[in-house]
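J.: So you can see what is in the structure, the chains are spelled out below.
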Amino acid sequence: MRFNRFLMPTCSAALLLTAWWAWAQQPPADAVLKAEAERVGVIQKIVPAVVAVFAPGGKNGGSGVVISKDGYALTNFHVVQATGPLMKCGLADGVLYDAVLVGEDKVGDVALIRLYPKKEGQDFPFAPLGDSDLVREGDWSVAAGNPFLLARDFRPTVTFGLVSGVHRYQYPAGSFLEYPDCIQIDTSINPGNSGGPLYNMKGELIGINGRGSFDKRGRVNSGVGYAISINQIKNFMGHLRAGLECDHASLGARVTTQTDKYGLGQMTVTSILDDSDAARRGLDIDDELVSFDGRPMGSVNQYFNVLGVFPRGWRVPLEYRRKEVRKEVLVRLMGKTAQVLLDPLQPGGPPQPQPGPIPKPGGKKPFPPAPQGPPSPLTKFFQPKQPTVANMYFNNLERDRLLAAFKKHGDFSALTGTWTIAGDARYKALAVKPGQETKAVTFTVGELKDGDKTYPTAQMATEGSTWSLKVLESTDQAVLKQPPSSGGLLSAMYLYQLLLTKGQQGFEDEFIHGGYEPFYPPAKTDKAPASLKDLRVDCEVLRTRTAQYQAKWYFDRRDLRLLGFEVRLTDNEDPCEVYLSDYDTVDGRELPRRMQVIHGNAPYGVFHLKGFRFGEAK
Amino acid sequence: MTFSPALAARKGVVILTLAAATLFGGATAAVAQQSFTDVAAGVNKKMVKLFGAGGFKGLPAYGTGILVSPKGHILTVNNHLLSTTDIKIHLSDGRSFPVRVVFREPELDLALLKIDDDTIDALPYFDIAEAAKRPLAQPGDWILAFSNQFHIATRDEPMSIQRGVISALTDLRARRGDFDPPYNGEAYFLDVIACNPGAAGGIITDRKGHLLGFLGRELKSRLSDTWINYAMPVQTEVELQRDETKVKVNVATFVQESIAGKYIVSNPRTKEKGPGGYHGIVLVPNAVQATPAYVEEVVPGSPAAEAGLRPDDLIVYVEGELIPSIKAFREIIRQTRPGTALRLEVQRGNRLHTINLKLTEHPKQKG
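So the sequences go chain by chain: A and B.
In terms of the numbering used here, the first sequence opens at residue 1352 and continues consecutively.
In terms of the numbering used here, the second sequence opens at residue 2 and continues consecutively.
By construction, these hints were calculated from the structure, which means they are not laboratory data.
C-beta atoms are modelled at their ideal positions from N, C-alpha and C, and glycine is treated no differently.
It is possible that some hints are incorrect.
[Stated by the list, open to error] Label pairs and their in silico Cβ distance ranges:
| no. | chain 1 | residue 1 | chain 2 | residue 2 | range |
| --- | --- | --- | --- | --- | --- |
| 1 | B | T86 | A | T1610 | 16 to 24 Å |
| 2 | A | K1410 | B | E362 | 30 to 38 Å |
| 3 | B | V248 | A | G1569 | 39 to 47 Å |
| 4 | A | K1410 | B | G59 | 28 to 36 Å |
| 5 | A | P1880 | B | G262 | 56 to 64 Å |
| 6 | A | Q1395 | B | R338 | 48 to 56 Å |
| 7 | B | D39 | A | D1381 | 48 to 56 Å |
| 8 | B | G59 | A | T1607 | 53 to 61 Å |
| 9 | A | T1610 | B | P71 | 22 to 30 Å |
| 10 | B | T227 | A | K1410 | 48 to 56 Å |
| 11 | A | D1381 | B | H211 | 24 to 32 Å |
[Stated by the list, open to error] Cut-off 25 Å, straight-line C-alpha distance, at most; resulting in silico cross-link-like pairs (BS3-like, lysine-lysine):
| no. | chain 1 | residue 1 | chain 2 | residue 2 |
| --- | --- | --- | --- | --- |
| 12 | A | K1731 | A | K1790 |
| 13 | A | K1553 | B | K209 |
| 14 | A | K1410 | A | K1420 |
| 15 | A | K1410 | A | K1731 |
| 16 | B | K247 | A | K1385 |
| 17 | A | K1385 | A | K1585 |
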């Protein structure tokens, strides 16, 4: 009995353990089946939107993914480079569609193409865009595409694997095909997978597969593949949809890692271009970069990661430290390539300690027989206008859509006579005296008489001073930039009227959609925002040039209302920035009641616009 | 109420069953699409990026190591990277330190380094002794691989994580160029392409981040001539020669004794030079610069005779390597130890024959 006391439980425990062990060894049927079902579900969801891209004749190709029901699809630039601008695209439904190049980003290795349905109005299955900043290393991922171009029925090959790393930086091959801030995967991708989608386990598109690290093993899956993050592509989406040749950003400063006393890297400016916007905003040699677009800077890779995802011309908040004092400024980014080069992959560009070669579809092995078809009926949809526009047809589409939506905020086309805008102004640049709250100001824009001739003229009159500009006559920079310290407010007012009344007819040199850009309307109070990033509003941009004036117009992406514009005479100078707000509607037209003007690092003035008088066409 | 063992046992049944169910339930729910983000974060803290000699002849100047003590002892592969006094590491928090080599053990193909900063303390690390007590992983087990392959990460950027399955646990039969690898004991063979440049010294773990083994070098299989992906188990033990005696050393004792500063380095192995294994082939006289490797004679009873080689056979390939001359053939033999089997392709008449030649010790010379 005494033994029994101890033996019994021990025996039971042993038995139990054995039983548990046996149980644990059984296949965990439900959970595994459930996980499998989940995987199958994701795959079923994603497969219809995966594209097999072929050159006409089928000698080259890659993969892609449809991202909208009207057939826009993403792929790699190095895929369309091989297929040409008019390609054939197979979907999992077994149908071969005609497609055309829309826009391309050679540096980022991305191209947007558009598939056309066999019957007009038919919708395409498409992949929803995810948020690639939420992807973490160790997450599962699914890649799909057409490796080795082996699918004859266009059904994609699907592979499953881990995200091996995020925010990876991969040096460009020559001047192009840089993969900043990309997603590293062990999910198998091979030649032909290029341009194909990478998904998270919700079936959301998180990247475009494009390259791998190869060494001795040849250009096949090496366990290390890279996908361009979808968030980077979102930054360029407006440019791509508008058919542009995209350029990436550079800062105009050289930044290197210097090690502090703890062995930690800090990013320090070691040289800077005098005519860069960064220099004009106050950045100087020996300044330490603290953060860029809100992301901390601790290594060269991080710096390139942040810089690399932006299009040229974007303004991005940059925080720097000089002698323990931190300062945040908005920097306009310069271009990466001096001009968008026509021949990519040429030698030169940044050093390449580790150039992962690009998985080019093809290689030595012959491709399977080509899917043949009649010549593309889409020739009329391809209107290149190099070097800045890959396909003007799509720029016209986007621009006309933007203008049509903008016109809903007010039709000024009949009001081509003289405009008079009266209001109050404040700020010291306008010599508002202490104790004097505001100063009355009147703008007059139109064909004004001087002697016995009339000239397109803009005027600004305040107590005691009047500035007047014959906008097409003068070539003197100082005159064109009147009033002093404004950077050219008179020119800006003239262009504003020109845009509202004449639209495209007013801008003979350039009138194109400029993609998406962030816009930072200043805070209306004197209190500075916690971060300049908080001011950001995503806008669609119209780029115009006429006479000596270049202008960028910013339309809120949500409703395409004009939030402001900037006007400059040459590339490397601070523009006159005009911010419009406090709209109200008069006679069916929305009018801004508040106009804020900034030039360089200083505010010029805030105008409360009270009276608008529009002269009708004569 | 009196104490009833039976009742207690029954109660135990219920409790244990519940516990088992909970554990099991939790485990299975996480089987498939569970993210390894947290595991990766934990492992990363115990790993270092290594920078040393290299950058020529396809040898990377970067590699991977793991922390094995709170004071900054680092375990890594004993490779070319350490052939310099200027070795640096980056910790997972981005801090950079110079390191020095404490001990190297060629037979284990491992080296122990130390961060050159005595103020370093309380770093997270892998307890090698604990890890070595765990049972070997088995074919079919899932693994995670961590390394700084291709030098993708610097500073505080995390290692690459990959997942795979152990395909086999068996002897490493590999080559590095024409050479044998330093380690050729038992290894985990992986289905994931983990042994990329810079991966050596990285690790494989189980799904929870427990250390299982060390990622190997870039090697090709002697059998299939393809790149292989393998890891040396953390339990590995080798027999080595110290002066006149043979001793057994495992990874844990190497690490422990090295940290204590009292590891005794074994006699260097004299394997790579010397006559190599014996085959019993007499080749034609090596008359010109590139005399073809024709067999003149086969010594009766020798490995060559057993393998079926005949006079006038032309040796065309050894282990897939083209043999352009007698010199090339002798070079390979010189680097191949007794006991190794070589696959020969010989031309006999107009046909190619495959011959498996197992080298032996050289016969004792008479007198």
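J.: Could you run down the list of hints and mark each one as holding or not?
T.: Right, here's what the structure says about each hint:
Between B:T86 and A:T1610 the Cβ separation comes to about 19 Å, which falls inside the hinted range of 16 to 24 Å. Remark: the range hint 30 to 38 Å for A:K1410 to B:E362 is contradicted by a beta-carbon distance near 58 Å. Under the hint 39 to 47 Å, the C-beta atoms of B:V248 and A:G1569, about 43 Å apart, fit the expected range. Separation of A:K1410 from B:G59 is about 33 Å and conforms to the stated range, judged on CB atoms against 28 to 36 Å.
Separated by about 58 Å at the C-beta atoms, A:P1880 and B:G262 satisfy the suggested range of 56 to 64 Å. Against the hinted window of 48 to 56 Å, the Cβ-Cβ separation of A:Q1395 and B:R338 comes to about 55 Å, which satisfies the hint. Taking the beta carbon of each, B:D39 and A:D1381 are about 24 Å apart, not inside 48 to 56 Å as hinted. The beta-carbon spacing between B:G59 and A:T1607, approximately 28 Å, falls outside the hinted interval of 53 to 61 Å.
Under the hint 22 to 30 Å, the C-beta atoms of A:T1610 and B:P71, about 24 Å apart, fit the expected range. Under the hint 48 to 56 Å, the C-beta atoms of B:T227 and A:K1410, about 30 Å apart, miss the expected range. With their beta carbons about 26 Å apart, A:D1381 and B:H211 fall inside the hinted range of 24 to 32 Å. A hinted pair counts as satisfied when its Cα atoms are at most 25 Å apart, and A:K1731 with A:K1790 does not qualify at roughly 56 Å.
For a cut-off of 25 Å, the pair hint linking A:K1553 to B:K209 stands: about 24 Å separates their Cα positions. Note on A:K1410 and A:K1420: the hinted pairing is violated, with a Cα-Cα distance of about 28 Å set against a maximum of 25 Å. Restraint check: the Cα-Cα separation between A:K1410 and A:K1731 comes to about 23 Å, which is no more than 25 Å; the hinted pair holds. A hinted pair counts as satisfied when its Cα atoms are at most 25 Å apart, and B:K247 with A:K1385 does not qualify at roughly 54 Å.
This hinted pair does not check out: A:K1385 and A:K1585 have alpha carbons roughly 33 Å apart, beyond 25 Å.
Going through the hint list in order, the structure does not satisfy hints 2, 7, 8, 10, 12, 14, 16, 17.
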